[in-house]
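J.: Let's have the full structure, built from the sequences with the hints guiding it.
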Amino acid sequence: MSATQGFEALGGAEAAEPRGVGTLATTIGPSGGPSGSPPGGPPTGQPASDLGAVYDIPVQVSAVLGRTTMQVSQLLKLGRGAVVELDRKLGEAVDIYVNNRLVARGEVVMVDDNRLGVTMTEIVKADRSA
Numbered sequence: 001m002s003a004t005q006g007f008e009a010l011g012g013a014e015a016a017e018p019r020g021v022g023t024l025a026t027t028i029g030p031s032g033g034p035s036g037s038p039p040g041g042p043p044t045g046q047p048a049s050d051l052g053a054v055y056d057i058p059v060q061v062s063a064v065l066g067r068t069t070m071q072v073s074q075l076l077k078l079g080r081g082a083v084v085e086l087d088r089k090l091g092e093a094v095d096i097y098v099n100n101r102l103v104a105r106g107e108v109v110m111v112d113d114n115r116l117g118v119t120m121t122e123i124v125k126a127d128r129s130a
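The sequence shown begins at 1 in UniProt numbering and counts up by one.
Hints are computed from structural coordinates only; laboratory data are not their basis.
C-beta: ideal position from N, C-alpha, C; glycine also.
Across the chosen pairs, the derived CB separations fall in these ranges:
id	residue 1	residue 2	range
1	L75	N99	22 to 30 Å
2	L76	E122	35 to 43 Å
3	D50	L76	48 to 56 Å
4	G91	I57	31 to 39 Å
5	V54	Q74	40 to 48 Å
T.: Right, here's the structure in full:
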């Protein structure tokens, strides 16, 4: 299933834009800058025309529930039924990464009887100075 199909299963792009949040295309844009914005100017909110050239390039999308650190000796003791405690609380937003870059946060939802999805609740503005 493609990332687009996953978002369509959750109600399409409109469902992923609560509280007037823009889309990832507007936030990320070509070359990592806001799309549709003149150089040095504010974003216009319109997709850049040259973005169409990259629509079919696959990207890896990951939703991270949480993280933890443990020693190798602890890791080797894990078995079926072991519980690994994460750094997040129940109901706390999960991080959404595209190609290992944090781009959004969201809430875990059930798509159907045996599949999970993520409803995007926040687009993360990247710090481009790094």
